[in-house]
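2 protein chains.
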Amino acid sequence: MDKFKRTERIAAITRLLVESPNRLFTLTRFCDKFSTAKSTMSEDISIIADAMHKHGLGEIQTLPGAAGGVRFRPSMSRKQAYEEVEAISQVLCDPQRVLAGGFLYWSDVLSSPDIARKMGCIIAGEYYDAKADFVLTMETKGIPVALMTAEALGIPLIIARRSSKVYEGSAVNINYVTARGGIETMALARRAVKLGQKALIVDDFIRGGGTSRGMISLMAEFNVEVVGLAFVLAEDNPPDRHISGEKSLMLFTESKDGHMHVRPAQWLREKRVDGTDE
Amino acid sequence: MDKFKRTERIAAITRLLVESPNRLFTLTRFCDKFSTAKSTMSEDISIIADAMHKHGLGEIQTLPGAAGGVRFRPSMSRKQAYEEVEAISQVLCDPQRVLAGGFLYWSDVLSSPDIARKMGCIIAGEYYDAKADFVLTMETKGIPVALMTAEALGIPLIIARRSSKVYEGSAVNINYVTARGGIETMALARRAVKLGQKALIVDDFIRGGGTSRGMISLMAEFNVEVVGLAFVLAEDNPPDRHISGEKSLMLFTESKDGHMHVRPAQWLREKRVDGTDE
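If you read the sequences in order, they're chains Y and B.
At position 32 of the first sequence the residue is numbered 31 (numbering that gives the first Met the number 0), and the sequence of numbers has no breaks.
At position 28 of the second sequence the residue is numbered 27 (numbering that gives the first Met the number 0), and the sequence of numbers has no breaks.
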């Protein structure tokens, strides 16, 4: 007789899978923990997988073979993602968010755990196949979304600093030119990254792309390949960005009278090519 | 007949509760979503609650009455918390982490999503009753743990900056004296906080307490009460900290030969006074 009831196992396994996204658990591990046969455990997993899929709560994937197992990916369908991003866009369109100088106040949105988690989950959903070793962001405002993206992908987050700190040891410093023509510095501890790794860059905002080009140069210094660039908000059709292949969740345009319009990016309306989007 | 099977409901409800920590869901909401009677739903919830409790995966609480409902708190027992913190302490005790100047390299640990989540969960467990309206941290290194704490408590995160930024609008700036005798600035946008709210301060590190006193002064400017102070790592027995009631997960001592020793704080070994710790 089984030591635990199926309902109890399902609740506990759902929690265990969900709290460690994209991590592969062997079936044996769950069988040992709950003293069940493999066939019983497979049925449990398949019930959880069906429930998650049916209610749009993420995907449970079972990988066969010796190196196989089961993992949870908190991805959303493009339709869900579009709706979430549209709701955030509407919050940002509030005219009271426009500050003197035409800046948009949105720190509260970027550091909301709930919103950061949703945005991180949507970004992660686009990069599972890119097999990044870590997420790179530049301090400060993009950290919450970058952290949630890293968690969903099951990889570390690395934060580049505006200047090298004594308490981070020897560092690589690079200079880059901002959209406004200024020269800024970016620094990363030598030991933060290993040569030959792959990076996914996640940041809050892209206008001229100066900071992004800086992050790409920084990664080149470490011989790290940038496998993706994702942003929360991007200026629509900026001149001379010289960055390609980036994905932004939202685009903004500024009208001549200082009104800011934010809308979800077009790619969120398109079905995924790999057909994982039903 | 029920539209969904119990096993399916349990998987889906577990996921829904777990992804929104400390948020109260009405039973009616789940009954509507899964087309079940209240009595059936109560049984589902009670099965999930038992499974979470029994396997140390957090607590499901049911609150009676018109304003009641069900919520998930990802708290750990003190025993689990102690074990997790001890494992992190051991990672930090690695002599290779000691940099020139006696600094400890631990940025990688602080921004690991998995470790940040665990530490945030342990800190949150100590402050559910404090009823903070938001978590306050000072950029940069404490942001991941502060974000995870805020998520576990179901409240926003607010990030104080080293200087006021044009893109955050009018700000309150304060100066504070650091342990090394320097004068630093801290800034927070006026619109980030409402008068009369309650703050839980979460930061990575406390030595002399200069930054913490700065954050407390900053909150006083907003007429905000500080209901708790939590740190990941604290210097053991520093002179003149002038801060009281803070909780740190780990303490460090530096021996004369430059060796750094990190260990879990003593309070993690003590049972909780409210008896929620069995």
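No lab work stands behind these hints, which were simulated from the structure alone.
Note that the structure is predicted; figures quoted are calculated from it, not measured.
Please note: incorrect hints may appear among the correct ones.
To be verified - Below, simulated DMTMM-like cross-link-like pairs (lysine to aspartate or glutamate); rule was C-alpha separation at most 20 Å, straight line:
{"id": "1", "chain 1": "B", "residue 1": "K164", "chain 2": "Y", "residue 2": "E18"}
{"id": "2", "chain 1": "Y", "residue 1": "K4", "chain 2": "B", "residue 2": "E125"}
{"id": "3", "chain 1": "Y", "residue 1": "K53", "chain 2": "B", "residue 2": "D113"}
{"id": "4", "chain 1": "B", "residue 1": "K193", "chain 2": "Y", "residue 2": "D93"}
{"id": "5", "chain 1": "Y", "residue 1": "K164", "chain 2": "B", "residue 2": "E58"}
{"id": "6", "chain 1": "B", "residue 1": "K270", "chain 2": "B", "residue 2": "E167"}
{"id": "7", "chain 1": "B", "residue 1": "K164", "chain 2": "Y", "residue 2": "E220"}
{"id": "8", "chain 1": "Y", "residue 1": "K2", "chain 2": "B", "residue 2": "D113"}
{"id": "9", "chain 1": "Y", "residue 1": "K164", "chain 2": "B", "residue 2": "D49"}
{"id": "10", "chain 1": "B", "residue 1": "K130", "chain 2": "Y", "residue 2": "D113"}
{"id": "11", "chain 1": "Y", "residue 1": "K193", "chain 2": "Y", "residue 2": "D235"}
{"id": "12", "chain 1": "B", "residue 1": "K4", "chain 2": "Y", "residue 2": "E18"}
{"id": "13", "chain 1": "B", "residue 1": "K4", "chain 2": "Y", "residue 2": "E42"}
{"id": "14", "chain 1": "B", "residue 1": "K53", "chain 2": "Y", "residue 2": "E138"}
{"id": "15", "chain 1": "Y", "residue 1": "K53", "chain 2": "B", "residue 2": "E58"}
{"id": "16", "chain 1": "Y", "residue 1": "K4", "chain 2": "B", "residue 2": "E183"}
{"id": "17", "chain 1": "Y", "residue 1": "K197", "chain 2": "Y", "residue 2": "D93"}
{"id": "18", "chain 1": "Y", "residue 1": "K130", "chain 2": "B", "residue 2": "D113"}
{"id": "19", "chain 1": "B", "residue 1": "K270", "chain 2": "B", "residue 2": "E245"}
{"id": "20", "chain 1": "B", "residue 1": "K32", "chain 2": "Y", "residue 2": "E18"}
{"id": "21", "chain 1": "B", "residue 1": "K164", "chain 2": "Y", "residue 2": "E183"}
{"id": "22", "chain 1": "B", "residue 1": "K2", "chain 2": "Y", "residue 2": "D49"}
To be verified - Under 7 Å between C-beta atoms, here's a sample of chain B residues computed to sit facing chain Y:
{"id": "23", "residue": "A10"}
{"id": "24", "residue": "A11"}
{"id": "25", "residue": "R14"}
{"id": "26", "residue": "I46"}
{"id": "27", "residue": "L91"}
{"id": "28", "residue": "S163"}
We put the beta carbon where it would ideally sit given N, CA and C, even for glycine.
Each hint tested on the structure:
1. B/K164 - Y/E18: Violated, because 35 Å separates the two Cα atoms, which is more than 20 Å.
2. Y/K4 - B/E125: violated, 32 Å
3. Y/K53 - B/D113: Outside the cut-off at roughly 28 Å; violated.
4. B/K193 - Y/D93: The hint holds at about 19 Å.
5. Y/K164 - B/E58: Distance ~40 Å between Y/K164 and B/E58 Cα, so the pair is violated.
6. B/K270 - B/E167: The given pair, whose Cα atoms are some 43 Å apart, is violated under the 20 Å limit.
7. B/K164 - Y/E220: violated, 29 Å
8. Y/K2 - B/D113: Distance ~30 Å between Y/K2 and B/D113 Cα, so the pair is violated.
9. Y/K164 - B/D49: With Cα atoms ~48 Å apart, Y/K164 and B/D49 exceed 20 Å; violated.
10. B/K130 - Y/D113: holds, 18 Å
11. Y/K193 - Y/D235: Distance ~35 Å between Y/K193 and Y/D235 Cα, so the pair is violated.
12. B/K4 - Y/E18: violated, 24 Å
13. B/K4 - Y/E42: This hinted pair holds, its Cα atoms lying about 14 Å apart.
14. B/K53 - Y/E138: violated, 40 Å
15. Y/K53 - B/E58: violated, 26 Å
16. Y/K4 - B/E183: violated, 58 Å
17. Y/K197 - Y/D93: Violated, at about 38 Å.
18. Y/K130 - B/D113: holds, 18 Å
19. B/K270 - B/E245: The hint holds at about 18 Å.
20. B/K32 - Y/E18: It is violated: about 23 Å lies between the C-alpha atoms, which goes past 20 Å.
21. B/K164 - Y/E183: holds, 15 Å
22. B/K2 - Y/D49: holds, 14 Å
23. A10: Where the cut-off is 7 Å and the nearest Cβ of chain Y is about 4 Å from B/A10, the hint holds.
24. A11: At about 5 Å, which falls below the 7 Å cut-off, the nearest Cβ of chain Y leaves the hint on B/A11 intact, so it holds.
25. R14: Holds - the Cβ of B/R14 comes within 7 Å of chain Y, reaching about 5 Å at its closest.
26. I46: holds, 5 Å
27. L91: violated, 13 Å
28. S163: Because about 12 Å separates B/S163 from the closest Cβ in chain Y, which is outside the 7 Å limit, the hint is violated.
Checked against the numbered hints above, the structure violates hints 1, 2, 3, 5, 6, 7, 8, 9, 11, 12, 14, 15, 16, 17, 20, 27 and 28; every other hint is satisfied.
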